[in-house]
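Undergrad: Below, each chain spelled out in residue letters.
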Amino acid sequence: MDKQAIERLVIDAQSLGRKTLPEPDAKEILRLSGVPVPRSQVAKDLSGAIEMAAKIGYPLALKVVSPDIVHKSDVGGVALGIRNAKELEEKWAEMVLTVADESATSMIEGFLVEEMAPKGAEVIIGAVRDEQFGPLIMFGIGGVAVELMKDVSFRLGPLSKKEAIGMMTEVKGFALLTGYRGDTFKDIEAVAEIILMVSNIMEEVDALKELEINPLLVYERGVMAVDARAVLK
Amino acid sequence: MVKKSIEFFFDPKSVAVVGASEAPGKLSSVIIDSLISSGFPGRVVPVNPKYSSVRGLKCFPSVSEIENGVDLAVYALPSARTPEALRDSAGKTRGAVIVSGGFGETGEAGKGLEREIKDIAKETGIRVIGPNCMGIYDAISRLDTFFIPRTRISRPVAGGLSIISQSGSFAITAMDELAGEGIGVARVVSYGNKADVNEADCLRFLAEDEHTKAVAVYIEAISDGRAFIEAASFCASKKPVFAIKVGKRGAGALSALSHTGAIAGNYEAYRAAFRKSGVIELDGYEEFIAACKAFGSGSGASGPRVIIITDGGGMGVSLADACVEAGLEVPPLSEDLKERVQDGLPSYFSIGNPIDLTGSVTDEMYADALEKTLSDDSFDIAIVAALWGPPGLTDELPSLISERSLAIKKPVLVCSPGGAFTRSKSELFRRSGFPVFQTPEAAVKAASILARASASRRGG
Numbered sequence: 427m428d429k430q431a432i433e434r435l436v437i438d439a440q441s442l443g444r445k446t447l448p449e450p451d452a453k454e455i456l457r458l459s460g461v462p463v464p465r466s467q468v469a470k471d472l473s474g475a476i477e478m479a480a481k482i483g484y485p486l487a488l489k490v491v492s493p494d495i496v497h498k499s500d501v502g503g504v505a506l507g508i509r510n511a512k513e514l515e516e517k518w519a520e521m522v523l524t525v526a527d528e529s530a531t532s533m534i535e536g537f538l539v540e541e542m543a544p545k546g547a548e549v550i551i552g553a554v555r556d557e558q559f560g561p562l563i564m565f566g567i568g569g570v571a572v573e574l575m576k577d578v579s580f581r582l583g584p585l586s587k588k589e590a591i592g593m594m595t596e597v598k599g600f601a602l603l604t605g606y607r608g609d610t611f612k613d614i615e616a617v618a619e620i621i622l623m624v625s626n627i628m629e630e631v632d633a634l635k636e637l638e639i640n641p642l643l644v645y646e647r648g649v650m651a652v653d654a655r656a657v658l659k
Numbered sequence: 004m005v006k007k008s009i010e011f012f013f014d015p016k017s018v019a020v021v022g023a024s025e026a027p028g029k030l031s032s033v034i035i036d037s038l039i040s041s042g043f044p045g046r047v048v049p050v051n052p053k054y055s056s057v058r059g060l061k062c063f064p065s066v067s068e069i070e071n072g073v074d075l076a077v078y079a080l081p082s083a084r085t086p087e088a089l090r091d092s093a094g095k096t097r098g099a100v101i102v103s104g105g106f107g108e109t110g111e112a113g114k115g116l117e118r119e120i121k122d123i124a125k126e127t128g129i130r131v132i133g134p135n136c137m138g139i140y141d142a143i144s145r146l147d148t149f150f151i152p153r154t155r156i157s158r159p160v161a162g163g164l165s166i167i168s169q170s171g172s173f174a175i176t177a178m179d180e181l182a183g184e185g186i187g188v189a190r191v192v193s194y195g196n197k198a199d200v201n202e203a204d205c206l207r208f209l210a211e212d213e214h215t216k217a218v219a220v221y222i223e224a225i226s227d228g229r230a231f232i233e234a235a236s237f238c239a240s241k242k243p244v245f246a247i248k249v250g251k252r253g254a255g256a257l258s259a260l261s262h263t264g265a266i267a268g269n270y271e272a273y274r275a276a277f278r279k280s281g282v283i284e285l286d287g288y289e290e291f292i293a294a295c296k297a298f299g300s301g302s303g304a305s306g307p308r309v310i311i312i313t314d315g316g317g318m319g320v321s322l323a324d325a326c327v328e329a330g331l332e333v334p335p336l337s338e339d340l341k342e343r344v345q346d347g348l349p350s351y352f353s354i355g356n357p358i359d360l361t362g363s364v365t366d367e368m369y370a371d372a373l374e375k376t377l378s379d380d381s382f383d384i385a386i387v388a389a390l391w392g393p394p395g396l397t398d399e400l401p402s403l404i405s406e407r408s409l410a411i412k413k414p415v416l417v418c419s420p421g422g423a424f425t426r427s428k429s430e431l432f433r434r435s436g437f438p439v440f441q442t443p444e445a446a447v448k449a450a451s452i453l454a455r456a457s458a459s460r461r462g463g
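Chains A and B, in that order, are what the protein sequence lines are. Going by the numbering used here, the first residue of the first sequence is number 427, and it counts up by one from there. Going by the numbering used here, the first residue of the second sequence is number 4, and it counts up by one from there.
It is worth saying that the hints were derived from the structure and are not from the lab. Watch out, some of these pointers could steer you wrong.
Stated by the list, open to error - Straight line, CA to CA, 30 Å or less: simulated DSS-like cross-link-like pairs of lysine-lysine:
no.: 1; chain 1: B; residue 1: Lys216; chain 2: A; residue 2: Lys588
no.: 2; chain 1: A; residue 1: Lys587; chain 2: B; residue 2: Lys241
no.: 3; chain 1: B; residue 1: Lys241; chain 2: A; residue 2: Lys576
no.: 4; chain 1: B; residue 1: Lys251; chain 2: A; residue 2: Lys576
no.: 5; chain 1: B; residue 1: Lys428; chain 2: B; residue 2: Lys413
no.: 6; chain 1: B; residue 1: Lys251; chain 2: A; residue 2: Lys659
no.: 7; chain 1: A; residue 1: Lys498; chain 2: A; residue 2: Lys517
no.: 8; chain 1: A; residue 1: Lys588; chain 2: B; residue 2: Lys428
no.: 9; chain 1: B; residue 1: Lys242; chain 2: A; residue 2: Lys587
no.: 10; chain 1: A; residue 1: Lys588; chain 2: B; residue 2: Lys114
no.: 11; chain 1: B; residue 1: Lys242; chain 2: A; residue 2: Lys588
no.: 12; chain 1: B; residue 1: Lys114; chain 2: A; residue 2: Lys659
no.: 13; chain 1: B; residue 1: Lys279; chain 2: A; residue 2: Lys659
no.: 14; chain 1: B; residue 1: Lys413; chain 2: A; residue 2: Lys429
no.: 15; chain 1: A; residue 1: Lys598; chain 2: B; residue 2: Lys114
no.: 16; chain 1: A; residue 1: Lys598; chain 2: B; residue 2: Lys251
no.: 17; chain 1: B; residue 1: Lys251; chain 2: A; residue 2: Lys445
no.: 18; chain 1: A; residue 1: Lys587; chain 2: B; residue 2: Lys413
Model, not experiment: these values are computed from the prediction.
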């Protein structure tokens, strides 16, 4: 984990008066800590986006980057599975209009052009810093309904690997990772590693108040953090 | 400065009562009563400039004027006068119990007084319990600083359970109930606002206290979470520790900027802290009392496998249902064991788990079935659901099953629902050292807590 680089990133954000980090920065913290994230770049205009897309390769995801937007998909700020430059152009135009419409006062910093990760099982790994006890780590079955289902478990950091595994086996949806109804057995080891990394980031980087990966896509081999957010103290 | 251990609070040779008065009903007057009636063997020293003697005991104008000082001073003064009295005790007492309210729990003025108390504790090295507390009831050293008369709140006999509580009323209510249940205690500490001594100090002391076999904790709020985890882990590595945390609401939404923040309330942190320390979490008062009864009666369990023995089939099945619901196991008897239990019993008895000894039961049948099954390696806990209808049961039943099961060193919980006659018999079970529960659910809660304690010892 590159603690110095992470701290620089956090200090920069603080000097801009930011309370939350936009998705690319939150993912950069993850990448610097060893969490696999999709290849991506932030584009300021369409021609830049098309250029980046050519480098990253299709299919792609396009996401709005704004410190003011908490739930991107709620304001039309996410387009997935873009197959070519023509579609990228269409989605870009559409997104600019919809986001401006739905979230008029938000400051838009650009659009994230990102490698489209293959489908996998979705889990959430999050952390909040409790005033009395320090980092509290959460694991759960991910997706947008996580607050509704609350199929989650908690442990206080710093975590041992045994605790990380315990967090996974404790949730009802654990079966979804272990071959439920003919599905494949997922990479539990890799998920445990990510839980430990999130715990470790919270221990090391005191300025982080919350950190969350949702979803972390889990495959037969490996994982990918496709969305993340970070809240500063 | 390294803080001194609080061990000396639990074996004082002399106790001053500051603000002592003859007036009946005054806190200080009740405290002197408590000290005298508990049979406290040390010296009781009243302190009050208004009197030369209280209750025939020589009264001193101030703690500073007690020659040779005291080990402990209890302060029952208006809050505004307490800091001065505490400062005056410097060098004359090792410990202070401040029972008075009117400190941090009240407002700005009270908070200021509490800060003063903290500062004086630091300057003088006097360790302070309270303010706004009951202090200590110690059945081992017979120290009793509680300002509630024994006619209102009974004191439990000496035993192996220690209780630490932020709330005084919770501590005394639990004590009163345990006294009625025949459950003994070692140390009970009500530490109130914890200006100095807090739950971590108490847990470190109780961890190494040979009289304490299990620790019950009542928590409202912890200020230094990591210090708590360290002390609680240390204590739980030596003996069972179980805790209730009240004020669970106020969940989540510290900021709704992440899903985690929206779901994670402060209680999730407490629950995770208990888990990390190996402390058994209890969900309410009923479980708290059930746990006190289960651990206060002796043997711990080494697993979750329950044998149920009854003379009422319905009660047996109801217990078995509650066990499974609570995550306990109710395994069937092995063929060999079944044969041994069946031996000497009428063939129409239903020997399974539960074992139904029917209305034809006798004292001897109960004792025999219990001894054979509980001594078998396949069971960790027994629940004896004795219904007193059958004419074959006599007043000898409790002592007989105690005699035959004591050496097995596994917990036996008695579930004895019923009315006036049954309740009068429950007293016989208590006298024989059994925890008695009025409902199947309460008995199963106790069994489940014992099983959780064994799982937590094994690091589950």
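Undergrad: Does each hint hold? Answer for all of them.
TA: Outcome of the hint check:
no.	hint	verdict
1	Lys216(B) x Lys588(A)	29 Å, holds
2	Lys587(A) x Lys241(B)	24 Å, holds
3	Lys241(B) x Lys576(A)	35 Å, violated
4	Lys251(B) x Lys576(A)	17 Å, holds
5	Lys428(B) x Lys413(B)	23 Å, holds
6	Lys251(B) x Lys659(A)	24 Å, holds
7	Lys498(A) x Lys517(A)	15 Å, holds
8	Lys588(A) x Lys428(B)	48 Å, violated
9	Lys242(B) x Lys587(A)	25 Å, holds
10	Lys588(A) x Lys114(B)	43 Å, violated
11	Lys242(B) x Lys588(A)	23 Å, holds
12	Lys114(B) x Lys659(A)	28 Å, holds
13	Lys279(B) x Lys659(A)	25 Å, holds
14	Lys413(B) x Lys429(A)	53 Å, violated
15	Lys598(A) x Lys114(B)	46 Å, violated
16	Lys598(A) x Lys251(B)	23 Å, holds
17	Lys251(B) x Lys445(A)	28 Å, holds
18	Lys587(A) x Lys413(B)	34 Å, violated
In summary, the structure is inconsistent with hints 3, 8, 10, 14, 15 and 18 from the numbered list given earlier, while agreeing with the others.
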